[in-house]
Each structure stands twice: as C-alpha cells, then as structure tokens.
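So you can see what is in the structure, the chains are spelled out below.
Number of protein chains: 2
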Amino acid sequence: MTVNEEYLKVYVEEEYMDLDSLFDPRSIAVIGASGRQGSVGYIYLDSIVSSGYEGKVYPVNPRYDELLGLQCYDSIESIGNVDLAVIATNKMVAIDLLENCANVGVKAAVIPTGGFEEVGEEGAELERKIREIASENGMALLGTNTLGFINNHIGLQINFNPRLLPSKGSVSIISQSGGMGLSIISKLREEGVGMSKWIGVGNRTLLDFPEFLEYLAKDESTTVIGAFMEGTERAKQFCELAARIVPHKPVVVYKMGKSASVDYLAVTHTGTGIGKTGAYKGAFRQHGVLTADSTRDLVAKLKALAIAGRIGGKQLGMFTYTAGPTIAAADLLNDHFTLPQPSEETIRIFEDFMKGAPPTILKNPMDVDGQGYTPESYQYFLNAYAADPGFDLLATVSTAGLLFPKDQLLEAKKGSGKPILHCHVADSIEIFGSERDQLHEAGIPIYTTAEELAVGLIALSEYMDAVKRILERGNQQPQIMVSASHFGDSILDEHESKMILAEAGLPVVEERVVSSREEMVKAEEELGFPLVLKVLSRRIAHKSDVGAVRTDIIDHETLMETWNSFKKKWPSENVLVQRMIHGGVEIIVGRILDPVFGDIITLGVGGFMADLFSPSAGVCPCTRQDCISIIDALEPQEILNGYRGTTPVDRNALADLMEKVSRIHIKDEKIDEMDLNPVIVKGDSLSIVDALIRKGE
Amino acid sequence: MTVNEEYLKVYVEEEYMDLDSLFDPRSIAVIGASGRQGSVGYIYLDSIVSSGYEGKVYPVNPRYDELLGLQCYDSIESIGNVDLAVIATNKMVAIDLLENCANVGVKAAVIPTGGFEEVGEEGAELERKIREIASENGMALLGTNTLGFINNHIGLQINFNPRLLPSKGSVSIISQSGGMGLSIISKLREEGVGMSKWIGVGNRTLLDFPEFLEYLAKDESTTVIGAFMEGTERAKQFCELAARIVPHKPVVVYKMGKSASVDYLAVTHTGTGIGKTGAYKGAFRQHGVLTADSTRDLVAKLKALAIAGRIGGKQLGMFTYTAGPTIAAADLLNDHFTLPQPSEETIRIFEDFMKGAPPTILKNPMDVDGQGYTPESYQYFLNAYAADPGFDLLATVSTAGLLFPKDQLLEAKKGSGKPILHCHVADSIEIFGSERDQLHEAGIPIYTTAEELAVGLIALSEYMDAVKRILERGNQQPQIMVSASHFGDSILDEHESKMILAEAGLPVVEERVVSSREEMVKAEEELGFPLVLKVLSRRIAHKSDVGAVRTDIIDHETLMETWNSFKKKWPSENVLVQRMIHGGVEIIVGRILDPVFGDIITLGVGGFMADLFSPSAGVCPCTRQDCISIIDALEPQEILNGYRGTTPVDRNALADLMEKVSRIHIKDEKIDEMDLNPVIVKGDSLSIVDALIRKGE
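As you go down the protein sequences, you meet chains W and G in turn.
Here our numbering is used: position 500 in the first sequence is 500, and no number is missing along the way.
Here our numbering is used: position 342 in the second sequence is 342, and no number is missing along the way.
Pulled out of the complex, with its shape left as it was, chain W reads as follows:
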C-alpha cells in the first residue's frame, strides 16, 4: 500500500476560522430575547437556559429587567465581553444589531431569521450586507435562516425546536435542512447512538459545509461525521477536505435529489449526460465519502461506524439461535463480505458440547437453535466462534422473548477483541434502555432489524474500502499544458481536437487531413487499408446521419468513389483519412464543466448502448487510483470483462488515459467540454477514434 503520508499528518492545511467561540462559547447574549412564549426571542433563550448550559447567558431587550430568572440588558454594548450573540429579531434590524456586536468584539453569531436570499433580490441584498459585516470582522456566523446548533457535550442547545436529545456521544451532524436534521436526531436517540454536535447550516451566508467539516474534523469529541445535504456550490472543497479527513474519521452524506424533478440532467450537446447527482456521487466516491439513502440508512451507518469502529478484514462469522433474520441479513451483504466456513477446531468444540443433542448443521451462518437459549451454552458457543481465526468480525442475532445475550456478547468481545455487531429482533420501545447502552459502550452496536444490521455491516466494509482507496490515491500529477490559440473557433474540429490530445500524449488513431486527390493517395499509401473517410467540417454536427462518414474501405476503388461523392456534396471541405480499427470495446471518455464541481471527467459505454447507462464520474484532476475507481463504478461492468467475446479491457491502461485527460489544460483558455467518443479498447491497446473539444470563453 502506497501511503500518502501527507494525509496522516494533519486534517487540513488551510485554516478557515476558529469556530470554538461559536460552538463552545464561554458566554452567550440573546438579542431580542422575549418573555412571550412562542416568540422566537423566547424560544431561543429558553432553549439555552433549559439545556443546562453552564456559561454566562445574557438576555438583551430594553423592555425587560429580567427574563427566565436572568438579568436582562438594554443592548449588547452594555454587557462587555461576549463570545456568541444569538440575534433573534426580524431581518430588518438584524443587520444593525450584527454591526453593534462586531463593534464590541463579539466573536460569533447565530442568525435564525429567514427571508433573505431565498425570497428574492431584496433579501439577497440584505444577506450580502450581513456576510460583509461578519466577514470583515472575522465573526463566525451560523445562518441566516438556521434552526441553530447543539453542543451535546457542554449541554448547550441553541435550537428553534429544542427537543429530546440522544446521549452524549461521538457522532456529529451537519444538516442543510432543519427538519431532516431533527429527523436524524430523533433516530439517533431511538437507536441509542450518542451525539456530539448538531449544526443546522441554514442559508450558509458565511460559513458553509467545508468550514463545519473542518471544525468537526478537529473536534476531539467527534469521531464520525454525518451530513444531510441538499447541495452546495462549495461541494468540491467539501470533498477535497473530506479526503483528508476520511483516513481519520468517516464522513457519511445523505444527499437529496434522486428524482428527475429535484435533480437536473446536464446533457452536453454530444449527448453525454450526467445528472447533478451523478457528479456528486462520483465526487463522494473519489474522496472517500460514504453515502446513505434515507434517515434510517444514515443512522444505521453512523451507528456501526461510531460504535463498532474499524474492521481489519472482511471475513464475517454469523452466529445465532434464529436462522431467518440471520439469513435475511446475509442475503443483503453481496460482495461486501465473505462468509468462510468455521475451522475444524471450531466445529470440534461445538460437537463436544452437542454430544447427544439433535443433529445441527455446523456452518456459517451458524444457527445453534434451541441449544443457544441458555446463557451458558450461548456463551460456550459464541466464545468458540469468536475465537475462530478465520473470522475478522462477527454478526450475531437474537430475538426478544428469548435470551438477550448481553453478558455473553460483552465477554466474547472482551475475549476476542473482534468487532461484533448484533441484531436483537424487537421493537425500539422494548430495547430502549440501559442494557443496550452497556453494549454500545462496549463497542457492540445493537440493531432491531436484520436489514439494518446488514446496512451497518456494509458501512464498515465501505469505510475500509474508502480508507484504502484514499491512502492509495497517490499524488496528483501536474497539469498537462497544451496550446490551442492557433485554433480560432471555440469548437475545434475532429482533427484539431485530436492534435491537442496527441500533444498531451494520448493515443489518437493515425489519420491525415487531405485536400486533394493526390494527398489522399499519399495517405492511402502511408496508412494502408482498411480505411475510414470522413468529411472534416465544423458545419456538420452529426456526420454519420448525413452520409459524411464511410467506414471499412478496403480497396482503392471504393476510396476513390467515396472521395468523389464527398467532393460532389461538400466541395469546399477537407477530408479526413483514418486507419480503420476493427473490434474492441467502445468507451466514451468525456470532460464537462459541471456547475458545482467545475471540470469533471466522465466515463461511459460507447456505441449503441451509450444512452442507456449513466456515465460514472470524477472531479478533475484525478489521480490514477481515482480513475481506477471511476472505472470500477462504470455501468455495466460486464462490458469491461470480455463481454460476448471481446478482449477484456485493461483497466490500468484505460486509467492512464483518463488520468491524462483529467489533467489537460489549454493555455490561456478554458476547456468547456471534451468528448473522446469512442475510445476503442482492445486489452491494453487504446485508440481515440473520434474526438471533440470545445473551448470556453
């Protein structure tokens, strides 16, 4: 494994801002605090006071002397030194109040008020002013339009919707939606997963996902980071930062936008379509960010990662006295784990105990049925199973009404030191309590359904892969700088595009531009048959459709015929003579300018099937390992593996090409789009047969 040492030193080089004054303040002023129940000013003050915060709290409102038992102040100026101001007023006065805070040295602010950018230009103007004040004064600003935040470790809840919290723990959440953030809190509590910080990002007026991610990366009480994301313009920065964090702490994102109506489809003019979600998906994968599909899915993953920690391998031993849920879980594990058979020694230990009992099939998953109902027998079997050197981790299943093997799991965990994940078939109400907490404290996450057990296991497998991928990522190579200033048009023609690619060291098909019969005969001699003839024209968008391409020319006669017919129809255009390549797998490699991630690279199947599958993607520039990972995510994978008699694609060779494509820059100009369609791949031999480059302004 090539470890990129850089990752192991620090999380981040760039320091955004010290957010301690925001999330761990020594004192808080609530500006616009109120005694009227249900008002924003009341809710925030009450939230802070009720949460058990031990720092200083200053209500600010000239109309009160005292609020909730605390002395009330006329203005922020009359208090003195304050770390954090919560500005719980309407948006029109919020700006002046924020300015006042800045003037007296308040270090951080929370602005819950909405009605800014999201309601139109007037609001956006106000929001710009707020950003300016905070930015110029170095204030850490949460909001606008935020539900607030929670620091569970110091018992501080600044939350529009204060509520029952999970216990103190090591999972922290960043949420772009208040409601979905609360949903995650609810399920963390229901699942007995402890929480450290909860951050409602709101309008991201100043601070955005990258800053919060950096803060949580450095936060010692956070070991696992979860996020609900609608979308951010700074997603690329978020991902790059995540790649540095992932080897230390897992990052799991539940990204909204599955349906076409919520997502959008960026279709380039050559038909290579990649949805916004596709770009996010590729970027997350490339940077080691795990993903989740629902609140419960996210919480099941966070639970395994926070409680069970890392796994050292993927040999899974499953043990139970109730087969059904165990098999149901195994059914979902797919390629994530292997279930090796127990060792002979393990079988012998089981048989010793079972002498005379009804015959049991001793295999993995191991179902000891009734023989596992008593604490003693369960312990005996589980110890032996956990000790089997063939297993890297265990998954166990029990059911309410029969033995809940709390003590047995604790002992097996202690004895073997292996990760154990457990499913107790029960309802959440039954299992809510101290026995589960004890197991969680010992590093054994408890699920109540087989399927969520599987999701938890899969998260551990995915995280192991993500860390490996990031550590093997290697360094990005420098830009490949090419010049295209001599090409006047913004859309380069096929030959010009290939010249650029050839200059960048890419394998373009051998070809000649010819403008006369003589030149063509010369090209025929140099290239040899079979040949392809194309009209070379910027004015023809779909050459094949109008008969401007003739493939598989195998003799001089046909070549001449084709020349004549081209010249008749397009007398003023040049002709491209190409060596014809037969067979191979058609692949499309593209570069497009994604509105969020900027330059991204896409990989798709070519030919007839091109429109049936979404391409996989990554953010440019890519390392070689990134490209391998993009290739591994291509659908359908079958196409790469010698489908229907084709030579299997050499993934390293394809990755080399992609890596170079991802690094190409045009001197003094931008690349809006590159479309290598197709690249014909035969094993490790690649030929770019057609290409198009579009420059940007």
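The hints are simulated quantities; they were obtained by calculation from the structure and are not laboratory data.
EDC-like mimics (lysine to aspartate or glutamate), calculated; alpha carbons at most 16 Å apart, straight line:
no., chain 1, residue 1, chain 2, residue 2
1, G, K236, G, D208
2, W, K363, G, E118
3, G, K363, W, E118
4, G, K314, G, D392
5, W, K406, W, E441
6, G, K168, G, E220
With chain W fixed as given, assemble chain G onto it according to the hints.
Coordinates of chain G only, in the frame set by chain W:
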C-alpha cells in the same frame, strides 16, 4: 374498464379446508404440557394461559394432576371433545399422539417440533407419516417446525416465543421464518399498526401458503395480508389465489433471496437467464401481489394499506410547516404521484389569511412555515388545502417540538373525506401512545420519517394499479394445441420450431429448406433478395460462431458462393434460405420450465445487449393484459420507445404475440423450452427470425 365479474363474486372457488378449528378453537389440549420452566411443554401452555384465551384449555401429561392452575389429563382420550391439540413433545412420539388425536376427532393440530424434512431422509419419512395422518383424517395441521400462531382478536397466543403484541387490528401476517415473523410483529407494534392473525408456517407439512391465504381472505377481521416468504413449491397456486383476493384485500410479500448465493440462476442453454427471484417477481406483478424489500418497508406498506385504505386518484397535495422532510418524501415518489399546483381559490384563501405576513411561496408542496405553528392557523390552511378539488389525497408533515396537529388532521379528514398520510418527525418512543392511536383509528397513518411516508404513499399507488390491472386482466384464452409428434428429436431444429410457431398463428419469417442447388434457386426466385443462408443442423449449437450463417446476401453470385462453402464444410446438411429483415428492434421471447412456477414466459432485449439485462417474466398462460404488464416491466424500457431512431415497438402487437406463445401446447408432449430469438419488431410488424423449441419427456 373491463371488469372481470368473476373476481367480484367470491375469493376462491376451491375450498381447501376449514381452518376455524385451528385458528379460532373453542378448546385446546396441550399434549406434553409441563411444569418445568423453559421446556417446550411449559412454554406453549403458559403462552396460551397468559394470552387471555377464554376457551377451554386442557393440559395433557400423566405425570401431573394440575398445571398452571388447570386440571391435567392423562391422555387426549380422557378429555372428550377438543378442537385443537398442540403436540409439544419430541418428534418420535408426536406421530402416535397425532394418531390418537385423530381417533378421538380432534379437528386441528399444531406441531412445533422440528427435526423432520430439514434434517434428512429419516426425518422426511416421519414427516410423510404425519402428513398422511392429518390428511386422511381431515385435520388442519399447522407445522411441523412452526413457532405457532396468534389470533389477536380472541387473545390467543400459541407461540414458542410469546411477546408484546400490537393492538387488535386488521393486518394479518403469514411468515415462513419464525424470527422474521417476530420481527414483523415487533415493528407493527412499534409503528402502532393493529394485527389480527399471525401464522408461522413452519415446514408446511400439510397446510401451506395457499391455505393460509385463503383463510385470511375469508377472515372478516383481516383487511390486509402481509407475508414473509422464503419460497414454496406452491407459489403458482398462491399467486393465482392472490389475484382473486387482491381486488378485495391487498397482499404484500417480502420475499427473501436477493443475492446470487441465496437465489439461483436458471440459465437455459440458449443463454436466456431468469433468476428464481425473477420468476417470483413476474408472478407477483402479474397477479397483483405487492412486494416489499425489508421488514420496515413491509410494515410501512401494510400501515398505509390498513389504515388509509384505498385512494381514488394520484393527485397528491403535500402540506407542511417544515420543508426539508416534505421535499425528501416528494423526491422518492417518482412516477407514482403527480403534485398539481393548488387551485386559484385555494391560493386566495391562503392569501386572505396571510395578509401582511412575510411573503410565502404558495405552491405544492405547500410550506406555510411559522404561519402553521398555531392550531388555528394550521387548521385554517389545512382545511383549505384538503378542500382543493385538485387533490385526491394529502400527505402532511410536522415535527416534534412544534405543533403535533392531531385535532387539525382529524378535522381535515372528516371535512374532506380524503385519504391523509402524516409524518411526524420524531422518535418512536416519543410518538408511542394514544394520540397516534386516535389518528390511526380515524384512518390517518402516522410515520416518523419522510422516507417511510413515501413508502406508504407508494404502496397506495401500487395497490391502485394492481387492482386496476387485475380487474382489466380479462379471461385466459384456451390452449393453442399443436402437434409435433412427427418431429423425432427432443430438440426441434430451427425450421421445425418455426413450423410449430406458424401453426400456432405466429408471424415467422418466410423461409425455405433446400437440399439442392435447384431448390435454392427456386427459393431465391420466390423470396427475393436480400437473403440469409443458414446451415440447418441440430448438431451445430452456435451457428454464427462456426460460420454456418451468412446474412445480407444481395446477389445470386454471393448466394452461390455461400452455398458452395456450406456444402464443402457440411455436405450432408440441409440449408435454410430466409428473407433478410433489416432494422427493427430485436426482442427475445422465451418459454422456460421454472422449477417453481412451471411454464413461464420471458421477455428480454435481443442482440448485443441480451446478457446485460434480466428478462421480465410471467406465468403461462397469460392474458393479453398480463403480457402488456410484462412488456411494461421490461428493462430497458428505452429500447421500446424509439431508441436511437428505431420505430417504437407497438406494445399491443407484441402482447398479442406473447399471449399466443404463452398458450401453445404440444399434443401429448411437454414443452421444456421455447426461444424466439430474435423477434424483430418494427412498429406493429413482427417477424420471428430464429427460434428453437425443446420438448420434454
């Protein structure tokens, strides 16, 4: 809508057995009852006694005078009239005891004991004897190897693992796994969904899924049927029965077997592969059975179906004061619902109330934000929204910590009469209680996550579609009987296969079998160019691979050349001369003998992509509407819709062909396999270009 009246009369024509004595017994004997805690004989007696059952209970064990306060009997013979016997003994004595029960007229039995068929031939022999005794005496037998059953309405729990139950309700469960069945019970309880019956099917020694389904179909206290299924040989019967039940009661199945290791892939020798799960999936769809992917998914669907009931349309209005979870739910609804904009009248009513308040975007989903926090305003808005004639049903979202709009939902439901599904973002512990129960009683299911709200909504949409599909199914046409006795081989050659298909009225391509140059010239004259030449031989498995096919012959010279080369290599074989068909969409229609469902029909894409997509499937014979539904389930659908310039496939024409294929029978012989590969489809013009039929023994 063509209503098939037959479905609306009765659920089932065939009567299996009266199961009332089993599930609603007036008296129960527990044979092998014991006072020893933890023993099977103790657990079952205790389960019955503790559950509050009001009928007579007779412990049977000569070693006791009394057990759990009940008089104990020496034998079943000493009791007299008994409806149900629970035989809680080891398997060796169970047979004699069952026989004793039969002799004294016991009507039903539960045998929890395992160790029969599942452990080998000796056990299987015992099991056959048990089946024989029960069958001959008309005893309703649950088990062997069952966890038991629950009749929640009479407070009877005969359950190895007695536990906390959901309230009395109308959902009934059939489970092939005890553990998964208990998992479903747990989640029904957690979700506040009432339960009627729970049946652990065990080894299905006598009674199987079809009998239990029929019982629940007729059971008045059951309105929705859920099942966890591993697999049953009688799945076809189950599906056929389900099709009769679905218009009256929804049936939802969670079928295990997603992964390749749990599933198996039935690959025919021509490469048409359909997994066992594929056959189940097709059969479920064809017969209107809904499916679920996990315990929580199943329970979320049962919840919507049992509590909200049927929907009359798919125009969905979404209403909330918290946008995030609402949009997250909407994001998952895909094609299941449309979200029309509220009417002008509705907008006006909203605006009237909002005068002077911050501007709110009035659209669907409707987020009234802070203006919906008070009971009065929430009620005002919700009433107006629910009254909008553009909405067939409503989905609403609230969050713990803010208004839980119980009374408002009740009023809106009462006022509008429309289905309402609600998500209250909270943990299950917070929401567990009487307020939720009140809403459930009023027909408003409450979910705690946005995603499960979406699953519930989707279930209602799926059920609406399933009922429509079943009611439009029409009648099956009679068999198409063809004769093939004159074909000696079990594998018919291409031409023989096509003769059968032509006899059945199917559009085979025009062709001639020729054995001499003269015959070929005659065929050339009759058919005209372009032509295809194939060596006609049973001995060549993959003709194309060995050069025994030549397509696109456009002149006499090439025809002769090809003839000569074929004759040189295969001198003794006949040659097939076919009219060549250019263009069109290649489709594969197949018939295979599925080990579970018998004759099934498959539909897949042909050509290069054939191995990339699993075919869709249905059980033979199919109605025309079944075939439309199989076509609608084909992946990828794009291929049918004019992909890349092809003429869109006429679904009716293809369905007609499939419907006939599904009805073909060979006189006095069986069809093991039919492979129409490809059928070339150009709009409504279809040609079977290649075909193969394999007869069975």
